[in-house]
Amino acid sequence: DAGVTQSPTHLIKTRGQHVTLRCSPISGHKSVSWYQQVLGQGPQFIFQYYEKEERGRGNFPDRFSARQFPNYSSELNVNALLLGDSALYLCASSRFDSYEQYFGPGTRLTVT
Amino acid sequence: AQTVTQSQPEMSVQEAETVTLSCTYDTSESNYYLFWYKQPPSRQMILVIRQEAYKQQNATENRFSVNFQKAAKSFSLKISDSQLGDTAMYFCAFMKQQGGSEKLVFGKGTKLTVNP
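Read top to bottom, the protein sequences are chains A and B.
If you're matching positions, the first sequence starts at 1076 in our numbering and goes up one per residue.
If you're matching positions, the second sequence starts at 5 in our numbering and goes up one per residue.
No incorrect hints appear here.
Distance condition first, Cα-Cα at most 27 Å in a straight line; then the derived DSSO-like pairs of lysine-lysine:
1. B:K77 <-> B:K100
2. B:K100 <-> A:K1127
3. A:K1105 <-> B:K100
4. B:K77 <-> B:K112
5. B:K100 <-> B:K74
Hints in this document: simulated from the structure, not taken from any laboratory.
Using the sequences and the hints given, assemble the complete structure.
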């Protein structure tokens, strides 16, 4: 079975622009979570979605938003990019009755 | 709020030897889950081992085992017979299912280097 996939692998944006990151969960997994990993730190929780509904939100500004589609894939959107948004963005999927989360390879975002 | 502390930023071990990575956490909850994740230089985060807080028996997965001390809020990872492929960042993580949300809280990580 394919693992969690994310696109794009990396991208470079300019301050003030917006970006959309995409994630496809493992087949059969209905929950998707997003994490931000700044260089040298552990990942920080941004959002969790299940059945297209937001189930959890971390301490991130409203510039960050997400959604989940009927096929359980998900998008993370970030508006008005700041230099501090440069990070590895990780997507993780899980069955909602399971506490195990499986991560994708991440999208490396660089804001210049 | 739950916090996870990994006090060893970097560690090294010789191939075939045993190494232990430390992790402590802070929570007032009684039922929760603990994990160790491995992140090689290729950056894919891989689940290594998990422990349910209500289970007294320490989890084991092949060469990986944990020492879970609930009262001390300690959750260390032991890697036996270290291999070059074990070189990676290791993250300790805590999860509490609450209000329909499952959020992982990570430590800052320990960089492990296995030397030939």
